[in-house]
Amino acid sequence: MWFAGVYVYLRPTTLEEALEALYQSRGELLAGGTDFYPSLGERLPAKPIVDITRVRELKGITRKPDLFRIGGGATWTELIKAPLPRCFDALKAAAREIGSVQIQNRGTVAGNLCNASPAADSVPALLALDAAVELASRSTVRRVALQDFILGNRKTARQADEILTAILVPRAVDDALSTFLKLGARRYLVISIAIVAVVLDIESGKIRDARVAVGSCSVRAQRLTDLEQRLRGASLSDIAELAAEQHLKPLSPIDDVRASASYRFDSALTLVRRALAQCAAKC
Amino acid sequence: MDAIGGVLCRCTGYRKIISAVIDAGREQILMSSAPAGTAVGNRMVRLDGLAKITGKEIYGADEIPSGALLLRVIRCPFHRAGFQFGDLEKYAKQNAITCVLTAKDVPGENRYGVIPKFADQPVFAESEARFKGEAVAAVAGAQAAVEKLDLTQFPVVWNELPALMTIDQALTPGAPQLHHGREQNVLVRGRVVRGDVDAALRNAEITAELEVETGFVEHACIEPEAGFARRAGDTIEIQACTQSPYMDRSDIARILGIAEASVRIIPTAVGGGFGTKLDLSVQPFLALAAWKLNLPVRMVYSRTESMISTTKRHPARMWAKAGAGRDGKLQALDFRADFNTGAYSSWGPTVSARVPVHASGPYFVPHYRALTRAVHTHLVPAGAFRGFGVPQMAIAQEQLYDELADRVGMDRLEFRILNSLTNDLPTVTGQVLGEGVGIRACFEALRPRWKAARKEAVDFNSSAQHLRRGVGVAGMWYGCGNTSLPNPSTMRVGLKSDGRIALHQGAVDIGQGSATVVTQICADALGCSIDRFDLLSGDTSITPDCGKTSASRQTFVSGKAAYMAGEALRREILRLVKACDCAKISFENGSVEVHEDKKLHRISLADLPIDKHGYVLTAEATFDPPTRALDENGQGMPYAVYGFGAHLAEIEVDTELGTIKVLRITAAHDVGRAINPTLIEGQIEGGVAQGIGMALMEEFFPGKGENLHDYLIPSAGDIPPIESILIEDPSSIGPYGAKGIGEQAVIPTAPAILNALHDAIGIRLRKIPATPDRVRAEILRCGITGASRG
Ligand SMILES: Cc1cc2nc3c(=O)[nH]c(=O)nc-3n(C[C@H](O)[C@H](O)[C@H](O)COP(=O)(O)OP(=O)(O)OC[C@H]3O[C@@H](n4cnc5c(N)ncnc54)[C@H](O)[C@@H]3O)c2cc1C
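Protein sequence lines, in the order shown, are assigned to chains A and B. Heads up: the first sequence begins at 602 in my numbering, then just goes up one per residue. Heads up: the second sequence begins at 442 in my numbering, then just goes up one per residue.
Hint data in this document are derived by calculation from the structure and do not stem from the laboratory. Everything hinted at is true.
Below, computed lysine-lysine pairings styled on DSS-like, alpha-carbon distance capped at 30 Å:
#1 Lys589/B <-> Lys648/A
#2 Lys1145/B <-> Lys850/A
#3 Lys648/A <-> Lys1145/B
One chain only, chain A, in its complex shape (with noise of 0.2 Å):
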């Protein structure tokens, strides 16, 4: 924005400074802006922009004793590159059907949840693994589960003065299994029209705990706590077929220019079973 013939754009160093630069100039946050700046379409930032892209403290993918720590900064490529146990597969195979490898080079993890879009490829696997999103402002710190995070299409619990912080993964399943699958109309730089994440936390053939989540398919992307009830305790064969279209009650697709409500539906079925198959082959 314009304040008297100046264009404001602020690029802090620090988390302090960023959090104090987005609470007096009111301004927007700016990661890797690849859903920033298409989403401004012919029109010029509106607010003041607070770059965060050389922020430290969000920088980089740690491991702690209970959890993993996601930074607020951290790319796409960051995260395919970072030493994680089996469960993060999905998020790693979600993270590379992100646009394309210059997509992934710029955009963020917490951009892409911040975003909230309902077909954002990274939520339905950070769901499965029962993620957390961490939030700083400059008096407080919260702590929320994505479920609660992402509110609806484009809508999230952050407040205007925060900065999402940290993505938190607890490490319950760091070994379970995990598959994603997307479905779109091209190779690449394509926006899905279902998506699919399994964890499978498997203990002597049988499975101790499942979480599957589908994305694209409704206005922000849903678990099925059904599926996943009628699959704990049972044996991996014939996994696929326990999957059945009652499962799907969470989610309601809508017909759009990429495909009818229908074939959504239909797809998801399809993808949940095949990812359920995948991931216990990978036993």
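Using the hints, position chain B with the ligand against chain A.
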């Protein structure tokens, strides 16, 4: 492949990019050079290649004259709306804008169009806007002031009106009429009739019928429309990306109400045209503002602006019925198509005229009727897009012939070979070509791969679960140049006193490489190495008219003119020393040597007078392909030369998801003579990529998804290996026998893929593109076994 996954390309089909990337690390890039007389047929590096890879090339947005104002256009947000302006002067003052332009500021005629007889499009709508995206006003001013504007705040009050969105709505009696004199919103009708189609279909032992619809397709040139204009005294200069400088000149002269000689068009390099840059875009706005303000003015379309306001491929609604004997011989085809031509005429008349001439496909069809209509609606104008309606038509006709072959019980490729047009059989317009009908050779070239691929598919399917493979073939023919209309090209070539050759080459190179091809031809005709050539661009102030870059005419028509001009210059040189035709010429610095038997004439160029063009010798030649008008039944000689070709598509269908993966395309094209095989492969690979897009993913919905992440064009990962097979069955009319390839390349891909889809799982879609949801819905509707779950 992943490394270029994020790069969209609309021209190359990606394969050549990948091989170039691999080569770049290996060897030095060679510049074009070939001894005199060996340029034609040579895989020469493009003459503009170095400028392109070093970034020195100037595209529409690359030059900004100092002090240039920025221009932006205010466009109608509704499909149809009346409107009234508020206080424009106050708005300009408040926002520090230099001027606001509306229809009132058009000094000449507020009307333009590529075909003068049908010109109907205003620069600015006057009281009613007829499509979403139509211009109603423009603002020009200093960059900072204009960039900052939120154009939704522009003082205009819209009155949304009911809009005609479909062909059916537009044809309904009593529907509002878009243009005076165009009853029922029909812009034009096309018709070609031969023999007695009704009787022939009644008597045919075997018939097949088919209906299919296609949608708007966006050109998606990676370079959006851009340029600048400035006034120099009584002349207006416009530098912009265009496919048709001389047509731009006529329209701008009419809009400004000045003489054509007072308009100078300077075409820049073009980052993709495919037909859409034949029509005016930025030019009239720039010209009006620069003319009025006497200041340079520039503009660059945003992606959305480009998508909502420039022409599209015509949506087509087609019905066809064909008959054959039990012996497999085609007897009759009845074909009907309605094209949604949008709010303004653009190239609607050309599409309606070209399609009936081509709807037989490259086959002998004795009894024939093809009727077309172009119908106005309140949607973005449909215009020219690689093939002028023939790619849509081929989707109907080639699928129909597959059906017919199946009913006859013949192999689909052999059916096509049996029915192929020959040198001696008449086309559906009664033309006997007599030579250069290479379609049968194209089909025969596909035979080995056809047999192998079909066997591989059967083997694969016998053990596959939800995946099914299929193989499809489709043929095409396409007339080069305008349909029964004059379309001359004039080339001027000059010998300079330093011994170099100046070629005034007005055939705008829109990326396909025509500047290189035309020079190759001229060099060999003259007998001079291509290294000696200096190219002058299509600037209308220095270069004669080579017509528009469309209709696959530049190699054929401008190439022929270049050939004639090269030969003429050679004759001029020989005449100077009275040497015979068989003498050899060699070009040196400052001199020319003519070798005749044992005699050697040396011409010192510095001693010769300079002519009015600035050269010691100048030759100019014009070529206009011989055609004859079509009569009321469409009988006559619409084109002097046709290109022929056939594609074979191998695909894999995921029957549970409805997704289609193209595994391989084999493309055989009869190009008459391959002047530059590398550039022809480039056209084929790029054409195939657009054909894949058309078949599988591309459909533009006006008002929805007006950007390149909702509107999908194929990415690098969607294009399979493409094998090009070049057939050279020369036409004596073209230069060295050459025919066109630009549009020919795109036509057979989509029908070949759709035939492969049918081969794989037995479905034919009523609506194209075959998006996953449509394919899956049809699979479920047909209850295809092995495809349903559980
Ligand atoms: C060509 C292209 C292809 C794409 N393909 C895909 C795809 O396949 N799948 C997919 O899911 N997405 C895709 N995207 C969208 C985008 O790349 C991702 O959502 C990306 O992760 C966004 O991250 P970013 O850093 O670029 O966010 P930005 O654009 O910088 O920011 C996005 C939003 O989040 C806010 N924000 C960013 N960081 C923070 C933070 N730390 N705290 C609080 N707010 C923050 C910003 O203020 C802004 O509102 C694509 C985008 C493009 C341009």
